[in-house]
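Trainee: Chain by chain, the residues run as shown.
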Amino acid sequence: MNAQLTKEFREIIRTWKILIVPIVFAFLAVGQPVTYKLMPLILKNAGNMPPGTVIEIPVPSAGEVMASVIRQLDVLGLFIIVMIVMGSIAGERVSGVAATVLSKPLRLGSYIVSKLIVYGILAIFSLFTSLILAGYYTGLLIGPVDWAAILAGGAIYAIYLVFAVALTIMFSTFMKSPLAAGGASLGVILLVNMTAPLFPFKNWLPPALGGYAGQLMAGSLSVNFQGAALLTLAITLGSIALGLEIFRRQEI
Amino acid sequence: MAQIEVKGLTKRYGSVKALNDLSFSVSDKRAVGFLGPNGAGKTTTLRILTGLANATSGEAHVCGIDVRRNPHEVRRHIGYLSQSPVFYNWMSAVEFMHYVGSIFGVPRAEVAKRSEELLKRLDIWEARNRRIGGYSGGMKQRLGIAQALLNKPEIVLLDEPVSALDPIGRHEILKLIAELSHETSIFMSSHVLGDVERVCDYVIIVNRGQVAAQASIKELKEKYTTPTFVVETDQQADIGGLMGSEPWFANAREEGPNWRIAVDDVQAAKVRIPTLLLNQGHTFRRFEQLAPNLEDIFLKVVADNERAAD
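As you go down the protein sequences, you meet chains A and B in turn.
If you read the first sequence in the numbering used here, its first letter stands for residue 5, the second for the next number, and so on.
If you read the second sequence in the numbering used here, its first letter stands for residue 3, the second for the next number, and so on.
Worth flagging that the hints you see were computed from the coordinates, not collected in a lab.
Don't be surprised by glycine CBs; every beta carbon is placed ideally from N, CA and C.
Treat the hints with care, since some could be wrong.
[What the hints assert, rightly or not] Examples of chain B residues lying across from chain A (beta carbon under 8 angstroms, computed):
| hint | residue |
| --- | --- |
| 1 | Asn-56 |
| 2 | Arg-71 |
| 3 | Asn-72 |
| 4 | His-74 |
| 5 | Ser-84 |
| 6 | Pro-87 |
| 7 | Phe-106 |
| 8 | Val-108 |
| 9 | Trp-127 |
Input sequences plus hints: build the corresponding full structure.
Mentor: As structure tokens, then:
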């Protein structure tokens, strides 16, 4: 295997990221079916309800619970991925280790693409681990789940997570600090999320993938997601190409 | 073939000119000291030579390869130690050496053999399996030198290689660098002149981003050193008044209990200084001809350069 790819894989193992990220994702995901199951009990035991209050909450379907898992990961999971990736290049430049390594005949493309591959795999691994656990608990606590829809929805959302990884890596190639890279990446994602409804092609924008993944799991997907998936993949590749070009012009 | 050839190298950081039309050439198998005061442009030059920084204008060739056009190829031929080498803290020294070896495409068995040889030579073999994060500054510096030598480079670029070391470590590493200079070319930046004098046979002195002087240490000593005597007498002596009219006398300055007397004619001064003092009834505690040292030369070259620039 390529030297840099091996190093990146070993790094996520030796720094425990390979365990920490999936565990955090799993907690976020499993929390949804557990919360839905326990919600009536929680409300019943809430101390500040006036006597005689009757709250009726319709029991969500298993698909709706799984859609809520995606919504949960779309906020906190995405944040965690950006936090993990933001120092991948900026951190190495600030610490000086990039100068040690890049004074060797290591191709910049190999340096950047290895990070995309490994952090992309980490994100996908964390996503599917958490979805499988959430699916298991949803089946146990709520009702039977559609595993094919969960896996297909996971695949759609994985494209979006890899896009977030690529965007953060791109900012990490030229931002002076990991925090700035992470902030810029989250800022762009937030901005696109907030302004997407203004665009006529909003259904093609990357943030739409989270919604499609959730709709697929809930069994209510009515539009084609392929356009958004292809555009997101194209932006992902474009981000990496742009990051590489910027990095080539940067001083290390 | 010149191992390093720099022509008209200029580097600007905003309005600051770190390098100003820097030109020099280093030929095969030499230990070259790259000297200069802080901010003279030493680190910038080394970073440009490794392709880590880009020159604003000018050319740099290493081993005959244009650094700007083909930095990747240049890096195959060099070993580089930055001023404060940083590594992946989660790796061990052996792992890092294998990582570097795999970047160079060196077979694993050969990396293992070479790593053992280098880590033993640099006295970090015992700590080879410990995480680098737990290493002292000196150990990291040693590992920095080991990784710079792994690919058997044609030239090793060392940026202040002993700055982080204690006196014992400094002595050992300088000894090692001196040994290495018989195997490969060394280009070592430093502002510790004693270190350079111990290791290098040729020096390039830079100031304000330009070459102020370059020659072998021997040539520089011949060119720049004014023969000097140090005299300490039991009684107060007025050296200037006593010797000012002598034809061999250049100048004299008082330094604590000593007088430093610069002369133009060593042989005449050797006879006349003691004679003149004894005739005045002075007795000696010390009378010594100073060996010329690089520090005096460096200060003189930089002062001359500053005057010329102003």
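Trainee: Given a cut of 8 angstroms on the nearest C-beta pair, is the interface hint for Ser-84 (chain B) held or broken against chain A?
Mentor: holds, 5 angstroms
Trainee: Using Cβ atoms only, decide whether Pro-87 (chain B) comes closer than 8 angstroms to chain A, and label the hint accordingly.
Mentor: holds, 6 angstroms
Trainee: Holds or violated: the hint that Phe-106 (chain B) contacts chain A, with Cβ atoms closer than 8 angstroms.
Mentor: holds, 7 angstroms
Trainee: Quick one, is the His-74 (chain B) hint okay against chain A at 8 angstroms, beta carbons?
Mentor: holds, 5 angstroms
Trainee: Can Arg-71 (chain B) be said to touch chain A, with a Cβ gap under 8 angstroms?
Mentor: Check failed: Cβ of Arg-71 (chain B) comes no nearer than 13 angstroms to chain A, outside 8 angstroms.
Trainee: Was the hint right that Asn-56 (chain B) lines chain A, CB cutoff 8 angstroms?
Mentor: Hint on Asn-56 (chain B): holds, closest Cβ of chain A at ~6 angstroms, below 8 angstroms.
Trainee: Checking hints one by one. Is Val-108 (chain B) an interface residue toward chain A, by the C-beta closer than 8 angstroms rule?
Mentor: This hint is violated: Val-108 (chain B) lies away from chain A, its Cβ roughly 10 angstroms from the closest one there, beyond 8 angstroms.
Trainee: For the hint on Trp-127 (chain B), does the least C-beta distance to chain A fall short of 8 angstroms?
Mentor: violated, 21 angstroms
Trainee: The hint names Asn-72 (chain B) as touching chain A; please verify it with the least Cβ-Cβ distance against 8 angstroms.
Mentor: violated, 10 angstroms
Of the numbered hints given earlier, the model fails hints 2, 3, 8 and 9; all others are met.
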